[in-house]
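> For chain A, the structure is supplied; the task is to place chains B and C on it using the hints.
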Amino acid sequence: MKLRWIAGYGPAFVLAVVLLVIWQLYVGVGHISPRLLPAPIAIVQGLINNWSVIYDNTIQTLLETVLGMVAATVVGLVLAIMLDASNWMRRAIYPLLIASQTIPIIALAPLLLIWFGYDIGPKVLVVALYSFFPIAVACADGLASAEPELMKLLRSMRATRWQMLWLVRLPGAMPSFFSGLRIAATYSVTAAIFGEYVGAAKGLGIYLQLEANSFATIQVFAAILVTAILSLLLFGLVSLIERIALPWYHGAIARTM
Amino acid sequence: MDMPKLLVQDVTKTFHNGRQPLETLASIDLTVAGGEFVSIIGPSGCGKSTLFNIIAGVEEPSSGTIAIDGEMDASRAGRAGYMPQQPLLLPWRTVEENVLLGLDVRRVPRKEAHQEAHKLLKRFGLAEFAENYPSTLSGGMRQRVALLRTVLFNRSFLLLDEPFGALDALTRLASQMWLLNVWDEFHSSVLFITHDVREAILLSDRIYVLSARPARVLRVVEVDLPRPRTTEHLALERSVQLEQDLVALLMKEQSI
Amino acid sequence: MNRRTRLLLSIGIPVLLVIVVAGAFLWQQHAAGSGVKQSQPVSGTLEPQCTALTKSGTPSTQNLTSMSLALDWTPNTNHTGIYVALAQHWYQVEGIDLRLLPYSASVSPDVLVSTGKADVGVSSTEGIVADAAVGQPVVSIAAIIQHNTSALVTLASSGLTRPRDLDGKIYGAFGAPYETAVVSEIIKHDGGTGQFNSVTLDVDAMQALESHRIDFAWVFEGWEVIQAQREGYKLNVFPIINYGIPDYYTPNLITSPTEIQQKPELLRKFMLATACGYEYARAHPKESAQMLLDQNANGTFPDPGLVFASQNFLSPRYADPGRKWGLQDASAWHGYPQFMLNSNGVDDASGKPIHSLNLDALYTNQFLPWGS
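Residue numbers (the working numbering), protein chains in the order written: chain A, 1 to 257; chain B, 1 to 256; chain C, 1 to 372.
Be careful, since some hints might not be right.
List of simulated lysine to any residue pairs, SDA-like, C-alpha gap at most 20 Å [what the hints assert, rightly or not]:
#, chain 1, residue 1, chain 2, residue 2
1, C, LYS188, C, TRP218
2, A, LYS152, B, ASP104
3, C, LYS117, A, ALA107
4, B, LYS111, C, LYS169
5, B, LYS111, C, ARG4
6, B, LYS111, C, THR5
7, C, LYS169, C, SER198
8, A, LYS152, B, SER49
9, A, LYS152, B, GLN85
10, A, LYS152, B, PRO91
11, A, LYS152, B, ARG106
12, C, LYS169, C, GLY191
13, A, LYS152, B, LYS111
14, C, LYS117, A, LYS152
15, A, LYS152, B, VAL58
16, C, LYS117, A, GLY121
17, C, LYS234, A, PRO34
18, C, LYS117, A, GLY117
19, A, LYS152, B, ARG142
20, B, LYS111, C, LYS117
21, A, LYS152, B, ASP73
Hints are computed from structural coordinates only; laboratory data are not their basis.
None of these values were measured; they are calculated from a predicted model.
If we strip away everything but chain A, and leave its shape as in the complex, we get:
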């Protein structure tokens, strides 16, 4: 089962390799200045040569990302449950939730800096602000999609509201919750970098800015590479946890084999 799962990504892997080879050849044959577009091999070399510095900055960004994701998950779940609690709550909260996403955070960022300063706090906040929405909405949709007949069955058993939530709605909403979580995980690293761009002492966002200001294009690409790898790893981790947590959702077929 596992092998087949990995093999499923074969075409994507092949395509990525082909694109990288074309890129490498294009830069090599076309004598493109490495300051405009460095070749993939040069980027990996740049990454290795500057690993200790990049690692330093990566840890900072990663910490902001995971703390922001934890906060977003908690807030997203609580909001989803509140939305689901009553029609009244849904009508009160949902429009505000949507409205909150129409605020360009890029416009708020300077204020965040002035309000909260240069510490890790505002970056965690930016990550959480970007990530809680897909989690909350996906999870609320999952909760709302519980079958009415099932609710009837639970009511005939004299189940309380909390029992319905805990025994039926919440477990049933888990696949949607994980979809939201995966989207959030994809955004979160970029959100942390954006938070750092506004002003920070350290982090991949700051590293990117430093290198960009020094025209060190190879290092810029190396940092982008790290960003992409981090995002993919987080996405993969969420998928892995989903597979562990929801065997019935993924593994139901696997059981019969």
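Below, chains B and C alone, put in the same frame as chain A:
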């Protein structure tokens, strides 16, 4: 005579959803004695499921009284094991965990609940599927799991709403025999909804025939067949006669 | 796997991730704390005002007044004097715990200073004039570089060898309201019509120049031009003060009028340490550049050689020979700012161009150790 398990007296139900009030039940009287198997048949859309929801305590009647074990408690929910048309198994729970759902709602300790569920699965031949997820089961199996869930929640009074409606003929027959087996084991009182006249005759002690909407009781028929029942009983002359009578009655209602 | 294991793993994996990342972060903080690079103490003669700073041994870290300085850009050779004073603990000798607020792409030091989020900051004459015009005044308390090192550059291969060749060419702008007027003036001064196309870039102008997306850009001789030389490609450089633009101070150290009113003594102490740092950097480009490198995290400067080369260029320009660092003259504060005002380059808060300002209120020499 003992106190009936269920006593329904002059129950009516009118829905006020749209502009026009919708009269669904027009005075229903019904009893189920202890250990009795009673079926309700009627044309589709006549309000059988509404009656069930009212008895199960999920909905309230517009007027009339319902007494279970002689108690006319407004919060009847929990006094009957209710099984809807779909099996409605929870996909994230294994068969055993689905069976013990009712005990979870009653806050029975998990260990005890598992023991009870396991005993029941073993007794009715489903033990080997205990750890399966419902998605790996056939339709007939799912219905049996749902029935055991109902039995484990409340074995003294079962409300079964067309449980075998969606099964193919052979599976349905096997499931019917299996249900009789369960009923016999626990001496449950059963109220059973069906479209199928033969099914009603095969299973029941008594059959209520309902009219088209607004539903009222057209006729109450005693099924005077020996137990334990087998399919051969359906071939007896009085069974055939009864089936023809009931079908004729229902056809008349259906055409209205 | 049974249900309990699954639940444990589902919660345990994220918790473990947080712990590992936080652990790595704390470990790194710990390692960084113990690995601060110690700079060599200064040698050679110092200004008389500065000798007191070096006399006492290791300064106390107790009872320091905390003070923040907002940087205008990522650390560079414009900031060397500040890093010298930090490396030598001169701020601590003066009883100041100086925190540097890193450069922010979205909040200027002017905003941080005028809202009181920073005590002092690095800005420029253009910024200070614009702040005054919108009613959010800041005051220049020192000129970091006495002469403007701005220049327009083209690629040597472009054949655009003098400003008048720039007529009708594409200029990579950085989005300031005054730059069109300045560029136009330079071209006209060289006999052109002053008409050119302008695209505002969010990206690095030098990259745009190299890839022929633009024909000319505004850069600083002390950094970009030196970097281009080091990387071996040729530029034509037109320093703007050679083409009729009044010379002006950039960058400047700024503070807010409130700060001047409430903490003059703190500013005086800050300026003593800072001025001595720049004076040292004037006389010792190599040592001071090393301090700039040492005081910043690894990776801040991908090319340390550029820092030394840039410092060699800038050190003599921190102040004119025979003059002390930081001093500002009325003539400079009336020349270029008035040029900006005359060319509709300054708008008030409502966006209307204004043509006069009390320019003498925009600067003061009173906090410099050598007086005005």
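> State the violated hints by number, sorted upward, taking the hints as numbered earlier in the document.
Hints 4, 13, 14, 20 contradicted; others consistent.
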